[in-house]
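*Asks:* The chain contents come next:
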Amino acid sequence: MRASKHDKILLAHGGGGQLMDELIRHHILPSFKNDTLAELGDSAKLNVESSSLCFTTDSYVVKPLFFNGGDIGKLAVYGTVNDLAVAGSKPVALALSLIIEDGFEFELLDKILANISKAARQSNVDIVTGDTKTVEAGAADKVFINTAGIGVRLAGVNLGFQKITVGDTIIINGTIGDHGMTIISQREDMKFQSQLKSDCAALAALICELLEKTSGIRFMRDPTRGGLAATLNEITRSTGLSIEIHETAIPVKPAVQAAADMLGFDILTIANEGKFIAIVSPESADDCLNICRNHPLGKDAMIIGEVVQTRDVPLVEIETRIGGKRIVQMPYGRELPRIC
Amino acid sequence: MKQNTRNMLDRIYKAQNLMDAACEALGRQINIMEVCGTHTVSIFRNGIRSILPKNLKLLSGPGCPVCVTDQGYIDTVLQLADRDDCLIATYGDMIRVPGKDRSLETKQAKANVKVVLSSEDALQLAKDNTEKIVVFVAVGFETTAPATAVVVREAAAGSIDNFCILSGHKLVVPAMRALLSGKNHNINAFLCPGHVSVIIGYGAFAEIVEDFGRPCVVAGFEPVQIIEGLCEICRQLSAGKAKLKSIYSAVVTEKGNTAAQQTIDECFEPVDGYWRGLGKIEKSTLKLRDKYSRFDAFERFNITETPGEERKGCRCGEVLCGLIEPPECGLFGQNCTPQEPVGPCMVSSEGACAAWFKYGQEKRRKR
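Chains R and D, in that order, are what the protein sequence lines are.
Heads up: the first sequence begins at 1 in our numbering, then just goes up one per residue.
Heads up: the second sequence begins at 1001 in our numbering, then just goes up one per residue.
Source of the hints: derived by calculation from the structure; they are not laboratory data.
Take the hints with a grain of salt, since some may be wrong.
[To be verified] FRET-style restraints, in silico, Cβ to Cβ:
| no. | chain 1 | residue 1 | chain 2 | residue 2 | range |
| --- | --- | --- | --- | --- | --- |
| 1 | D | K1002 | R | P314 | 27 to 35 Å |
| 2 | D | N1004 | R | H246 | 15 to 23 Å |
| 3 | R | P254 | D | E1120 | 23 to 31 Å |
[Claimed, not checked] Heads up, simulated BS3-like pairs for lysine-lysine below, C-alpha to C-alpha not over 27 Å straight-line:
| no. | chain 1 | residue 1 | chain 2 | residue 2 |
| --- | --- | --- | --- | --- |
| 4 | R | K111 | R | K5 |
| 5 | D | K1002 | R | K253 |
| 6 | D | K1243 | D | K1255 |
| 7 | D | K1107 | R | K142 |
| 8 | R | K63 | R | K118 |
| 9 | D | K1100 | D | K1114 |
| 10 | R | K63 | D | K1114 |
| 11 | D | K1002 | D | K1014 |
| 12 | D | K1127 | R | K63 |
| 13 | R | K5 | R | K133 |
| 14 | R | K33 | R | K142 |
| 15 | R | K63 | D | K1107 |
| 16 | R | K325 | D | K1002 |
| 17 | R | K325 | D | K1054 |
| 18 | R | K142 | R | K63 |
| 19 | R | K299 | R | K118 |
| 20 | D | K1107 | D | K1127 |
| 21 | D | K1057 | D | K1245 |
| 22 | R | K299 | D | K1002 |
| 23 | D | K1014 | R | K325 |
| 24 | D | K1100 | D | K1132 |
| 25 | D | K1312 | D | K1100 |
| 26 | R | K33 | R | K118 |
| 27 | R | K213 | R | K163 |
| 28 | R | K63 | R | K8 |
| 29 | R | K142 | D | K1114 |
| 30 | D | K1241 | D | K1183 |
| 31 | R | K325 | D | K1057 |
| 32 | D | K1054 | D | K1245 |
We put the CB at the ideal spot given by N, CA and C, even for glycine.
When you get a sec, could you build the whole thing from the sequences and use the hints?
*Replies:* Spelled out as structure tokens, the structure:
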């Protein structure tokens, strides 16, 4: 059911007048029913149970907007919720800003808003404030979303690079590369048909359970852009320690691996949206792994490597499936399809 | 451990032991050149160099299509990209190769450069953009040449006159001959390319074995196939033999894909052409035959191919000939990185410099 008489977003929908009021009251508010948002104040007033908070923001510009396993709306909620969770906090509230291109279809906007609403409910957070802007055709690609989030830090949890020590174990909660290869293969200009599905998911519940039930977690991060390679390199750069991972231990779906091979991508550099890595003390590794494997978002969890002493310079090294060794570099940032 | 993983590792250990024994018996440095970018990447990605005998050295030869493309060709593409009436269709690897005037990536902002995954996509671009002349940057070896030939024939049959190709297609065997005819080469044997052999057949390398006495072994791309290929070469060298052998028999035959060969032959003729690092090589480059000349971008825009100048300090040419290893180039890792490449070997994911930079350990440790 569409509440507007317009089929498409017009510049005036961001103009602060009647059309904007209509957009907010008929499309946005009904999607995110909660008392704080309904006040439509200049700021949201929040009551949280602690003064120790985590605060983060992220912008979403994914193309295509809808992909197998998710859409820009789901990503915008999960991405920010996951950033809060890996920092050791329980997400409580999100701000949502939309930048919409003139001419964008209301039908698609409503679909995105519905997915945002669903993702927020699943993640147990409210959208408490927001903003909408419209820009001329060509000034944005359909719709861009920014979310900012607040999380309450879990008592007794203090994660950070400085906690990581030699001998720590590295755990991942499941297969890598699913999101990135899904997006790449669905890009219109690639015309690459596939059955891949993004892993985008809210990890907060699983992460909170891990942090509440175990005590040996030193550090967590979600390996999104740049994949596992970027995240592990960030750790070695920040700690001065080195990391060794084992190719045979890293979970990858065969179809995802095949797609990456076909296009010449290194799966370690491909983005994930429903994965975290946890650096844990060796004593708590089994407990963490068990908790993960009993959760739907961690059933394929694996210990993939360990933190080791640096010999010359901090490196991420991988032991390959044939027992050879090579380094894993920080990715360049833009992978290109190969010739043959 | 799964049974097939166990089997694979057993085969690798067996080959490793045989190779160790052969190399020890030889007691001198052995240089084997791989002539295929996919081999280069697989060797690095799987850490194969780290498990080879110490006196066995792998040289990454002219097997990456982007890398062997002469600077003059690159500059020609960049000039065409500046024309308002042209739309450049290129494989992704080419867009970041720097030329005299920046790279195609910088021209992409003008929206007249499109990355395509196949020659068919390039032809479709021509059908969709009738107001532009679509120029397909046709590079690659015998593997990609048939796909280019097919679309040229389609364009001719459908009278798609706003389509043309800038053929930079190269032939592998003339390059191998040129390498071995060079004075300074140090190549003891070739690990021959799997994909190219599917098309041209392993029999095509017989002349290298006969004329130059160098073992030629065709192998697939799995680490176990590469290691078994290297093992076969070491054993031949240790026995003082030079033979032609394919251990990629599942897909490579002696005669190759004759239909693909005929397709290439029907559309193209081999002419003398320029290679980066190797210079002009006789009958090494594919030119469209006269009957298809209206689809030849060289003819259409009246361009004469001239050799380009290497960028200052860039030693890609020597890398391609196996004369130096990438870290020996003064620019490597400092002034030439995948982020800011100077030479094509650092741009292409299959380039030797990019593979060294991405996966190599030695240089990084020393720095």
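*Asks:* Need the list of violated hint numbers for this structure, in ascending order.
*Replies:* none
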